[in-house]
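Asks: Now for the letters of each chain:
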Amino acid sequence: MTFCRKSLASSIALTTALMASGSQAQMSDDVVRIGYLADMSGTYRDLAGPGGLAALEMAVEDFGGEVNGAPIEIISADDRNSADVGANTVREWLDVQDVDLVAGLVASSVTIAVTKVLEEAGGLGIVSGSAASSITNEHCTPNHIHWVYDTYPLANGTARAVVEQGGDSWFLLTADYAFGHALEEDVTKVVEDNGGEIVGGVHHPFPTSDFSSYILQAQGSGAKIIGLANAGSDTVNAITTASQFGLTQSGQQLAGLLIFLNDVHAMGIDTTQGLLLTTGWYWDMDDASREWAERYYERVGRMPTMVQAGVYSSTQHYLNAMAEVGSDDPEAVKEQMMATPVEDFFSRNGRIREDGRMIHDMYLAQVKAPADSEGEWDVYEILSTIPAEDAFRPLSESQCKLVQN
Amino acid sequence: MTMIFGVPLAVFIGQLMLGLINGAFYALLSLGLAVIFGLLKIVNFAHGAQYMLGAVAALLGLQYLGINYWVALLLVPLVIGGLGALIERLILRRIAHLDHLYGLLLTFGLALIFEGVLVNFLGVSGSSYPIPASLQGGFQLGFMFLPTYRGWVLVAALGVCLATWFIIERTRLGAYLRAGTENPALMQAFGVNVPQLITLTYGFGVALAAFAGVLAAPLYPVSPTMGSSLLIVVFAVVVIGGMGSILGAIVTGLGMGLIEGLTKVYYPEAANTVIFLVMVVVLMLRPAGLFGKEA
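Sequence order for the protein chains is A and B.
Residue numbering for the first sequence is 1 to 405, as defined by the UniProt record's numbering.
Residue numbering for the second sequence is 1 to 295, as defined by the UniProt record's numbering.
Here chain A stands alone, though its shape is the one from the complex:
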């Protein structure tokens, strides 16, 4: 008993001492530590991975490598797309390494697990890679911000634009798991609300390497639009197969709901020409984005995806806020971030909402025809801008506990 009381007393004393020192010093340990967590070797490697880490390093270097005299340190880890690995890594980062910001965060399952840890430990995270809109809806926490895009504008942007252009009958190829079903539901709603109709669809296993049978079914359906409610290698395989079977030549059109620059680059524009898609950013949008992308290209040897650009943009915004507040207190820094509009080479009309969603203009793009492309990475034509306020799920529909409805 005596022992218990003693250790209790000493831990209280220790905690008080720590808290006191925390409030006295501006930076808790005189170092700003940023942890970059992403899939560095698996399916999502190319859209975020090592390229995202390079973007993070650029952001820190451009900022000068320190905040108010405290040097900035970067550590990184491969989450191997496993929620367990991701959550354990972040727990260790917060408890032992005193990490101030967790960046990257790609697979939605990992992100949701990590944000729970962040909430328990009172840390701060910025999500750049994940797609699930639930991250700032039912899974929102006061401890994370979702930066680049999510499934809501993907469905809303592409599907609505396609229906408005006359593509009113749809056949959906849906990956048979939670993400695909969620996307299918969103797309169906958008298509039907805008006067279109879903004439058929297939739930294909995840992953699938051979899409010829499904493409044949889609051709037979007579639908004007073949919507791809899948991602990554499934989308790539579906598009490649559709091209071989002459789908677009016979008058049907593909609509990709989640497509990254690296996917289009991998397939080549011969295969993907005419494809409609929604993106949060494109390197060739204007002078500012080009200037940054070219610096990135010199360093990495590839043009950045929207996720990699988002990592840079969000890190700079974080560091600016930290310098402004003069402390690494997550709550204070987040408040400052929310109070400052986000306007940079990545984001137009950007601001962080109370649910943690960073809303900004999104873009409807179309893959160029080979004749119009001036280089390996000259692949998108931006058709229209989806204003920030229209692109993302309105707060009035939010189930986030931080939102007063």
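Simulated from the structure, these hints should not be mistaken for lab results.
Keep in mind the model is a prediction, meaning the values are calculated, not measured.
Treat the hints loosely; a few may be bogus.
As the list claims (entries may be wrong) - Example chain A residues on the side facing chain B (calculated, C-beta under 10 angstroms, incomplete):
{"#": "1", "residue": "44"}
{"#": "2", "residue": "206"}
{"#": "3", "residue": "232"}
{"#": "4", "residue": "399"}
{"#": "5", "residue": "403"}
Stated by the list, open to error - Some residues of chain A that are not near chain B, with every Cβ distance over 10 angstroms (derived):
{"#": "6", "residue": "63"}
{"#": "7", "residue": "84"}
{"#": "8", "residue": "274"}
{"#": "9", "residue": "371"}
For each residue, glycine too, the CB sits at the ideal point set by N, CA and C.
Could you slot chain B onto chain A? The hints should help.
Replies: Frame of chain A, contents of chain B only:
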């Protein structure tokens, strides 16, 4: 229009055609596995990686050396097959006297190394390999549009399968091979160089995988991970056909392609599982596989 279980006849035939093409492809891949297992008793878990190496070699050859598709189709299997022979000589031979399990683990490790190293250099998105000019376009068959290249895959894969079956079952070289694995000591006494025969056989099996890789390059994005997902299906095909049975691998490969194709029409959700379902049923009824001999 005539309907077959709610599907128009034309669509049904089209799906059978696609199933047959995929089946020929499975047959080609399973064949290499069956040859290696049947003659050497090595469970070659590196087969998927060797298939991937074939596709990657074709792609890199085109990008950096300008080697065209037709040359690659001959050259790549030779090079990757040679690499396979080297692996047998330097690594696999050392564990030949141990349980099969060690061979399985060793080749699995090799596969992971090949894949990991290439992911580091090439990423995972993969790249596209253009369809050679003479095989572009397609035929309107009435019931479906058949891309020329897929037709070619069917012909090439079936041709190689039949040639392999013929060499092993109907020629003197094949007889030596079969005898050499049955009773190596006796064959050695007859003056046949059995270790060399084994090296060549493994190299040949690997060359078959690489050939399938070059065939697949224009169909799927070429990436370091393309082999791992296919490998497990191919293993199921070999198990259903009977481990080591050449004819079993070919017939089962085609059959599974057809069954998978029909599942994609009637219940797409199960398309990836149906082969394993068949495997379970076959193993329960005939533990040695459809064409296997009871040990």
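Asks: It remains to establish, for every hint, whether it holds in the given structure.
Replies: The hints, checked one at a time:
1. 44: 8 angstroms, holds
2. 206: 8 angstroms, holds
3. 232: Where the cut-off is 10 angstroms and the nearest Cβ of chain B is about 9 angstroms from residue 232 of chain A, the hint holds.
4. 399: 29 angstroms, violated
5. 403: 36 angstroms, violated
6. 63: 28 angstroms, holds
7. 84: 21 angstroms, holds
8. 274: 16 angstroms, holds
9. 371: 17 angstroms, holds
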